[in-house]
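J.: Note that the protein sequences, when read in sequence, are chains A and L. When you line the first sequence up against the working numbering, it's residues 1 to 91, in that order. When you line the second sequence up against the working numbering, it's residues 92 to 554, in that order.
By construction, these hints were calculated from the structure, which means they are not laboratory data. Hints are not guaranteed to be accurate.
The calculated label-pair distances, taken between Cβ atoms and stated as ranges, are [to be verified]:
id, chain 1, residue 1, chain 2, residue 2, range
1, A, L42, L, E509, 14 to 22 Å
2, L, L191, A, F37, 40 to 48 Å
3, A, V43, L, L184, 46 to 54 Å
4, A, Y77, L, G370, 51 to 59 Å
5, L, P154, A, K88, 51 to 59 Å
6, L, T138, A, R83, 44 to 52 Å
7, A, S81, L, S476, 51 to 59 Å
8, L, S407, A, F37, 52 to 60 Å
9, A, L86, L, L434, 48 to 56 Å
10, A, L42, L, H508, 47 to 55 Å
11, L, P527, A, L42, 30 to 38 Å
12, L, F286, A, K88, 39 to 47 Å
With a straight-line cut-off of 20 Å between C-alpha atoms, the simulated PhoX-like cross-links for lysine-lysine are [stated by the list, open to error]:
id, chain 1, residue 1, chain 2, residue 2
13, A, K40, L, K157
14, L, K470, A, K40
15, L, K391, L, K408
16, L, K239, L, K225
Take a look, some chain L residues computed to stay more than 10 Å from chain A by CB distance [unchecked claim]:
id, residue
17, R220
18, P278
19, E300
20, I543
Backbone N, C-alpha and C fix where the C-beta goes; we use that ideal spot for every residue, glycine too.
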Amino acid sequence: MDTPTADRIPCTQQAIAVLWPSFIVAIVASGVFFSAFNPKDLVPFNLDIDISPLAAYSIGFLLFWIIAIVSSLGTHYFTISNRRFLRKQGP
Amino acid sequence: MQAQPANNDGNPLYAAHKKIYPREAHGRFARLRVLSLLTLLGIYYLTPLLQWDGRQAILFDLPARKFYLFGLTLWPQDFIYLAGLLILAGLALFFFTALLGRVWCGYACPQTVWTEAYLWMERKIEGNRSQQMKLDKAPISAAKIRTKALKHTVWIAFSLWTGFTFVAYFTPIDVLANNLFNGNLGPWELFWILFYSFATYGNAGFMREQVCMYMCPYARFQSAMFDSDTLIVAYHPERGEARGSRRRGVDPKTVGLGDCIDCNVCVQVCPTGIDIRDGLQYECIACSACIDACDEIMDKMSYPRGLIRYTTENSSKGNPQHILRPRILVYATILLVLCGALLTHVSQRVALDLDVIRDRNTLYRETRDGLIENVYTLKILNMDSASHRYTLRADGIDGLKLVTDRPELEVAAGSVHETVVRLQADEFNLEQRSVPVRFHLQALDANHLSIIEEARFVGPGKS
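Sequences are here, hints too, so could you generate the full structure?
T.: Below, the structure is given as structure tokens:
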């Protein structure tokens with residue numbers, strides 16, 4: 001029985017498998033995070049920045065998304081390389 | 092059929108995509124679906140236009156960190172209600188799945204709703220299924236480019252309207268419309284309008300059934316809620332087989348055939364491109380288009396309807412049917428208990444909050460009269476929609492004195508008032524180094540608006 005490998009799964013579907021779960025996680029994470037913390041009270045690294053609340057929430061969300069994307073990419077990479085390794089080992 | 096990569100169970104998964112051209116279905120379930128789609132789209136596009144007390148009725152006001160829900164104003168502290176609501180929605184999905192199968196997928200899921208809307212626009216512009224297929228196969232011509240350009244323009248316009256409406260849940264719609272027409276749209280508002288529009292355009296215009304097959308977590312685990320009494324869309328093989336074409340008016344039994352004339356219309360109407368006659372499949376979103384299509388054919392052949400129908404595994408096998416069964420009762424009980432708890436909690440919610448912060452610089456000091464004094468900063472949060480006057484008192488230590496500039500505090504609706512108060516106590520009455528004290532805040536004009544907040548009073552301790 002064939003198992004799907006990176007070379008068989010279309011690129012778009014691989015991209016979605018990484019982008020989509022991380023998107024959902026980013027929504028939950030920013031929801032919980034920003035309920036607890038007001039971006040107005042958070043001054044990262046003592047930087048003197050003045051941005052609108054919408055910008056702060058948006059950047060926060062995108063940062064969460066990037067973090068989750070990195071994690072999903074890791075999972076994706078290890079899954080694919082494990083399959084290649086197992087295939088090389090034979091049944 | 093060409094070989095497809097398959098997963099371990101042999102189901103085709105991650106197949107190369109072939110465009111599906113669903114044929115339009117007519118009938119009672121199609122009408123029901125259109126009614127449901129129009130209602131849901133109406134709710135989505137019209138809700139931001141609703142007004143309540145001079146403001147938008149439903150608004151997530153991010154800069155002010157408030158969520159307006161008609162008469163209710165929720166603060167970040169009330170996040171628990173939103174979480175509760177989401178859990179409730181999840182449980183309701185379980186309950187309805189166990190009872191009615193994938194009705195959510197077929198009639199209410201945004202993916203279905205917007206896909207149907209985009210399919211409708213596509214049909215209006217490119218024509219029916221065979222005209223669409225012909226157009227796609229045709230070589231590039233001015234007419235083809237014109238038709239395609241028109242379709243994408245209409246799709247993009249509808250997507251932009253969808254994106255605009257989405258952002259209007261976060262920025263009041265009148266402000267947003269004003270900014271848009273005056274060219275004052277903020278960069279992030281523009282970003283989110285475009286982001287949401289792009290997602291709508293992609294999901295409803297192109298990805299369609301692939302979202303259900305590859306991206307939807309519910310589609311993967313919904314079968315866990317299924318049992319033999321769950322409503323499913325199924326073909327009746329005993330009645331339909333052996334399938335085959337025949338002339339109208341011929342009794343199928345005389346030619347050794349069942350009721351299925353193998354016209355393939357059920358496959359053509361399927362938005363996920365499956366053949367329902369192969370049995371229950373996880374791609375099936377129970378949209379019931381094949382039921383309507385088959386009923387139409389049965390009518391034409393003067394056969395009874397229902398060769399493809401809503402049924403349950405038990406009833407199709409002739410077993411007794413159970414609507415009330417342990418699974419349903421358990422889901423219903425949990426749902427009712429949680430619903431009741433959430434409603435009680437919301438109705439008992441006190442629209443008042445008090446934060447007590449002890450002065451961090453000095454633990455305590457001694458007054459001229461020899462009393463021990465602690466300083467506190469109080470943050471009074473009036474979450475009500477009217478302004479109120481409050482009185483404050485403190486207890487916990489014998490003879491505890493509250494020293495404040497103002498005996499009465501006025502806090503405007505939906506705002507925070509900060510005030511500094513001092514507590515004084517006789518060292519003689521302090522049992523330990525740190526004693527718990529309680530602040531009582533009471534609205535003068537509303538009895539139910541009262542709150543008690545604990546704090547620590549620090550002294551030198553018994554030596």
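J.: Does each hint fit the structure? Answer for all of them.
T.: Tested hints:
{"no.": "1", "hint": "A:L42 <-> L:E509: 14 to 22 Å", "result": "holds (19 Å)"}
{"no.": "2", "hint": "L:L191 <-> A:F37: 40 to 48 Å", "result": "holds (41 Å)"}
{"no.": "3", "hint": "A:V43 <-> L:L184: 46 to 54 Å", "result": "violated (41 Å)"}
{"no.": "4", "hint": "A:Y77 <-> L:G370: 51 to 59 Å", "result": "violated (37 Å)"}
{"no.": "5", "hint": "L:P154 <-> A:K88: 51 to 59 Å", "result": "holds (56 Å)"}
{"no.": "6", "hint": "L:T138 <-> A:R83: 44 to 52 Å", "result": "holds (46 Å)"}
{"no.": "7", "hint": "A:S81 <-> L:S476: 51 to 59 Å", "result": "holds (58 Å)"}
{"no.": "8", "hint": "L:S407 <-> A:F37: 52 to 60 Å", "result": "holds (55 Å)"}
{"no.": "9", "hint": "A:L86 <-> L:L434: 48 to 56 Å", "result": "holds (53 Å)"}
{"no.": "10", "hint": "A:L42 <-> L:H508: 47 to 55 Å", "result": "violated (23 Å)"}
{"no.": "11", "hint": "L:P527 <-> A:L42: 30 to 38 Å", "result": "holds (31 Å)"}
{"no.": "12", "hint": "L:F286 <-> A:K88: 39 to 47 Å", "result": "holds (41 Å)"}
{"no.": "13", "hint": "A:K40 <-> L:K157", "result": "holds (14 Å)"}
{"no.": "14", "hint": "L:K470 <-> A:K40", "result": "holds (17 Å)"}
{"no.": "15", "hint": "L:K391 <-> L:K408", "result": "violated (27 Å)"}
{"no.": "16", "hint": "L:K239 <-> L:K225", "result": "holds (13 Å)"}
{"no.": "17", "hint": "R220", "result": "holds (25 Å)"}
{"no.": "18", "hint": "P278", "result": "violated (8 Å)"}
{"no.": "19", "hint": "E300", "result": "holds (13 Å)"}
{"no.": "20", "hint": "I543", "result": "holds (23 Å)"}
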